[in-house]
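Quick note, the sequences are listed as chains A and B, same order. Here the working numbering is used: the first residue of the first sequence is 1400, the next is one more, and so on. Here the working numbering is used: the first residue of the second sequence is -15, the next is one more, and so on.
These aren't lab readings, by the way, just hints derived from the structure by calculation. Hints are not guaranteed to be accurate.
[Stated by the list, open to error] In silico DMTMM-like cross-links for lysine to aspartate or glutamate, where the CA-CA straight-line distance does not exceed 25 angstroms:
1) A:LYS1408 / B:GLU111
2) A:LYS1408 / B:GLU100
3) B:LYS82 / A:GLU1620
[As the list claims (entries may be wrong)] Far from chain A, by Cβ distances over 10 angstroms, these chain B residues were calculated:
4) SER(-4)
5) ILE37
6) GLY54
7) LYS93
8) LYS154
9) ASP197
10) LEU203
11) SER225
[Unchecked claim] Every beta carbon over 12 angstroms from chain A, so not counted as near; a handful from chain B, in silico:
12) ASN(-9)
13) GLU86
14) GLN130
15) THR199
16) VAL212
17) SER219
18) PHE226
19) GLN236
20) LYS242
21) LYS273
Predicted model only: the values in this text are computed from it and were never measured. All C-beta atoms in this analysis are idealised placements derived from N, C-alpha and C, irrespective of residue type, glycine included.
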Amino acid sequence: MKNYLVFLKKEFVESLRNYKFLILLVLFIMFGVSNPVMAKLLPKMLGSMDMQGMTIVIPEPSALDSWTQFYKNMSQMQIIILVIVFSGTIATELSKGTLVNILTKGVSRTSVVLAKFTSISLVWTACYWLCFGITTVLTGILLPSGGLTSLVFSAFGLWIFGIMIISVLILFNCLTGNIFASLLGTGGFAVTLSLLSMIAKIKDYIPTILSTANLQIIQGELKPMEFVPATVIACGVTIVSIISAISIFRKKQL
Amino acid sequence: MNILSINNLNKSFGDKKVIDNMTLNVPEGCIYGFLGANGAGKTTTMKMILGLIKKDSGEIKICGETVSFGQNKTNQYVGYLPDVPAFYKYMRPMEYLKLCGELTSLDSKTIKERSEELLSLVGLGKEDKKIGSFSRGMKQRLGIAQALINQPKLLICDEPTSALDPIGRKEILDILVSVKGKTTIVFSTHILSDVEKICDHVSVLNNGKIVLDGTLADLKKQNGRHDVLEISFISQGDMISFFNNKRILSIQNQITSKDNTLVITSNKLNEIQKTIYDVFISTGIFPTKIEVLEPTMESLFMEVVK
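Okay, chain A solo, but in the shape it has when bound (with noise of 0.2 angstroms):
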């Protein structure tokens, strides 16, 4: 347990000095920013341009505009990015051999596994909430409302994705020590995972969901709970992730 929390603190000072954590927090505050300002702007854009005589009727932008953006953006980039920034979070160590002299003091190969995914998990938490904060406070000054719901509850979907990426991440970093085999690894995940949404009868329960259907939520054409089946699959799939990677990574001959 110590010697989690102490190589936990590495991967800390780690993010920090090699500048990765200070990347995504700037990126995710420039999407922040974004998603509500680029809501407003471009119907304005899109009036100002000459249209030689056509007529676009544009409608109001409104705060449906700016959390569309939200979602689009983090689901199809800024995850990306998270996965590429971490992609060889633990092959990177195997292959430079840095790992040798922290296991060979005696660190389990357990603590080494939990406290990358806790680090990870922890700057996707902070970041992703983060930009979260800024869409909602801009999204209030600068939108109408709209009566949208579950705000909350939406983005707390696509957060647990999040996590559920990162176990497998951490899992194929395990299974192959590569980074690019990770990076495949990782997306051939997700990809499979969204050819089975695909499927009328499982859809519900595949965790695709949690990062497609947040607008329909939020304008209350799905319920909250219809969320619950996909939730649970992707905390299981976390946990199984997890659970793996500890047993490869403890059979792996270093």
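Following the hints, complete the assembly by docking chain B onto the known chain A.
Same frame as chain A, but now just chain B:
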């Protein structure tokens, strides 16, 4: 007491047998030289001792406790210096030692004291650069410091001197000698002169087997049956006339020559020397140098790995 004992250890990678029924005992307090050509299985053995790779069969005990793969419990007694130690580039030496100290559950006061002590021991006392900018020799020295932070009973060094220049090598060897007494050192190498300089116990690994094992003094005695006498002359002419003397010709099958030098190998060196000095007097040809060669680690090594 043996601090490290290995019994009937076996390891194969695929079809290739890397370690073949190895048995080895390291007594407490010595500097143990673990010799072998590149690829002999030295690193594999060390990694099995540290539980980093899995053994096929056999038993490894450190301080009486059995080493098991994937678990790092026995590593609390061990300090390990890998052949190319890798560090977190963004840390400074003090920070790295602090991390290592915390991971071995030392309190912060002890960590600070010991870090300062160790850094000055390895000659990095004034370095406050990030480790990323360190030279190979500096990393090797920091590697020793991190391995010693928890005052291990056993220090395992994997070819600590192989990649260094002569000055760097000497510095590393000096550091190892200076910690002798506080800790037992097992140190692998293929540089024979390093072993001769600092080790008091040696084993030679060849094709996965221990082919030679014992204290350095014993080994030299045992294998020193063939004493070697080297005689240098001022010119080749002198050498040839000396060689063509009747009494020298009678022992010619024990003689090899090179340039102006004759090398005589014999197990009755006293008699040979008597003959030779007689011939010096009778012919009036005198050498520029005459020397009885001690059996070197190199000759022992070449003999056993043949």
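### Task
Tell me, in ascending order, the numbers of any earlier hints that this structure violates.
When the structure is compared with the hints, numbers 3, 5, 6, 13 and 14 turn out to be violated.
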